Each structure stands twice: as structure tokens, then as C-alpha cells.
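Engineer: All chains, full assembly: derive it from the sequences and hints.
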Amino acid sequence: MNNIINEMSVNFLSKSCNESFARTVVAAFVSQMDPTIDEISDIKTAVSEAVTNSIVHAYKSGIGVIYISAKMYDNGKVIIKIRDKGCGIEDVEQAMQPLFTTGGSDRSGLGFAVMQSFMDKIKVSSKVGKGTSVTLERHIICRSRANGC
Amino acid sequence: MGVNISEDFEGVVAALEGDIDHHTARDMRELIDSYVSKVAPKMLKIDFGKIQFMDSSGIGLIMGRYKLMCSLKGELKVINIPKRIEKMVKLSGLTKLGIFNYCSKTT
Ligand SMILES: Nc1ncnc2c1ncn2[C@@H]1O[C@H](COP(=O)(O)OP(=O)(O)OP(=O)(O)O)[C@@H](O)[C@H]1O
Ligand SMILES: [Mg+2]
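Chains as they are written, first to last, in our numbering: chain Z, 841 to 989; chain A, 109 to 215.
Don't read these hints as lab results, they were simulated from the structure. On a predicted model such as this, the values are computed, not experimentally measured, just so you know. Quick reminder that beta carbons are idealized off the backbone N, C-alpha and C, glycines included. Treat the hints with care, since some could be wrong.
Among chain Z residues calculated to face chain A with C-beta under 7 Å, some are [unchecked claim]:
id : residue
1  : Thr892
2  : Asp946
3  : Arg947
4  : Gly951
5  : Val954
Structural biologist: See the structure below:
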């Protein structure tokens with residue numbers, strides 16, 4: 841079976857200045873697996889989408905806490921979970937449709953589509969009034985012993 | 109960091125630098141819009157050559173400026189798209205607008 845070789849977690853306030861902090865800290869963690877520049881860039885983008893959603897949508901009327909945890913496995917897999925205790929999503933399937941947005945003219949409704957195409961797997965679970973959790977999975981191609989091969 | 113606005117023979121050029129996310133896009137948008145609304149140019153060029161990272165907020169930024177230029181009966185061009193953000197631009201479906209110019213010759 842696949843064993844966890846490392847894990848981390850970090851919590852921070854839903855302030856937009858933390859968007860860059862969040863993707864950078866996940867990228868720094870995943871760097872231990874010796875990913876390619878493209879892999880890191882894909883992961884940073886997906887994390888940025890999920891964190892921005894928590895800031896813009898989940899906590900739209902205030903500031904809350906965003907929780908990120910990441911685990912790396914000895915088969916080169918990395919799983920990143922981004923969680924909020926915000927407003928939740930009524931219809932997850934609809935929310936995940938490309939171009940669907942409740943965000944107004946500055947949002948393109950592409951966040952979930954980006955997470956879907958930049959990562960191998962995405963799982964979204966949400967409860968109205970309780971919050972949302974997005975789980976992203978990506979396999980890092982084996983290039984050296986750093987990612988467990 | 110941010111936006112550097114200048115004018116050339118065609119109109120206004122906004123050269124962006126650094127990362128585009130929801131946080132940084134706000135300032136970029138405000139700076140571009142206030143300048144463009146003042147001079148109402150025939151052409152707005154947004155230069156992405158120095159963009160290191162961009163998420164879907166960058167697509168929102170482009171779409172919004174496209175609409176603004178349409179309302180002014182002008183034209184938008186997005187120039188010097190670096191290889192590292194091509195994937196995002198392609199996924200957006202905006203390529204059919206024909207407003208993009210890439211750094212790499214392969215596309
Ligand atoms: N964490 C969340 N909490 C509450 N609602 C959410 C959350 N994440 C997404 N949503 C809802 O799902 C919709 C689609 O999200 P998605 O990221 O695909 O697009 P967007 O955020 O609206 O636009 P973009 O990401 O392109 O700026 C959002 O408009 C919002 O209604
Ligand atoms: Mg989004």
C-alpha cells in the first residue's frame with residue numbers, strides 16, 4: 841500500500857494577501873518531491889483557485905479561517921485539502937460547471953475547471969452554512985529518489 | 109511589481125509584472141481602467157511578458173478589459189503571453205477572440 845512519507849498543515853485568515861502565501865507554502869512543501877516546474881506551477885494554480893474561492897465566496901461577508909493540509913505518499917502522490925467554514929455550496933455539480941459563477945463581472949467561473957484540468961483528481965464536499973472542502977490530488981512524475989522511487 | 113502604463117502610436121500599453129491573483133488583480137484593474145477611461149484610446153495593449161504566475165483572476169482581468177474596450181469602440185490586444193501561462197489562456201476559451209500574441213513561436 842501507499843505510505844505517507846510527509847505531511848503538513850497550515851491555517852490562516854481569509855485575507856486576499858494570503859493567496860500568494862498559501863500557494864507558495866504548498867509549493868515549498870511539494871518541492872521535496874523534486875517536481876518539474878510545470879508540475880509545481882499546476883499545483884500552485886489549483887491551490888490559488890481553491891483558496892481564492894474560500895476568500896471570495898465562502899467568507900464573502902467577513903473574515904474566517906482557511907485550513908490547508910497536504911500529504912505526500914511514497915508512490916509520488918500528493919493530496920492537498922483546502923477547507924473553509926464559510927457559507928457552503930448549495931449545488932456542487934452546478935458550481936463545478938465551467939463558466940458558472942455567482943461572483944459578478946470580475947470572476948470568470950473557471951476556478952473549478954482549472955482545478956479539474958491542472959490536477960489528476962478533485963473532490964468537493966460542501967454543506968450550506970457549514971463550509972466547503974476541496975481535495976486535490978496530483979501524481980508527481982518519478983524523476984529522482986526525492987519523490988520516493 | 110504591478111502595472112506600468114505608457115502610450116505608443118496605437119494607443120495605451122499596460123505592462124503587467126509579477127503574479128496575477130484575485131489580490132493583485134484588483135489594483136491592476138483599477139489602474140488600467142482609470143487611465144483608459146480618461147484617454148479612451150482606440151487600442152489597449154496589455155503586456156503579459158513579465159507575468160510569473162496567473163490564476164483564473166487573470167482571465168477575469170482580460171475579459172473585463174475586453175468589455176471595457178468594446179464599450180469604448182476600441183480594441184484590446186494581449187501581448188507577449190509567456191509559455192508558463194499559455195495553459196490557462198487556452199483553457200479559458202478566449203483564444204477564439206483572436207486578441208492573443210504569444211512569446212513562443214510554436215503556438
Ligand atoms: N469555498 C466556496 N464556498 C462557497 N461557494 C463556493 C466556494 N467555491 C466555489 N463556490 C461557488 O462556486 C462557483 C464557481 O466557482 P469557480 O471557482 O469555478 O468560479 P468563480 O470563483 O465564480 O470564478 P473564477 O474562479 O474564475 O474567478 C462560485 O461562483 C461560487 O458560487
Ligand atoms: Mg473561483
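Engineer: Are the hints correct? Go through all of them and say.
Structural biologist: So, going through the hints one by one against the coordinates:
At about 5 Å, the closest approach between the beta carbon of Z/Thr892 and any beta carbon in chain A falls short of 7 Å, and the interface hint on this residue holds. Here the hint on Z/Asp946 is kept, as its CB sits about 5 Å from the closest CB of chain A, short of 7 Å. A cut of 7 Å between beta carbons decides the hint on Z/Arg947: the least distance to chain A is about 5 Å, and the hint holds. Among the interface hints, the one on Z/Gly951 holds; its C-beta lies about 5 Å from the nearest C-beta in chain A, closer than the 7 Å criterion.
Annotation: Z/Val954 was flagged as interfacial toward chain A, and the flag holds, the nearest CB pair being 5 Å apart, inside 7 Å.
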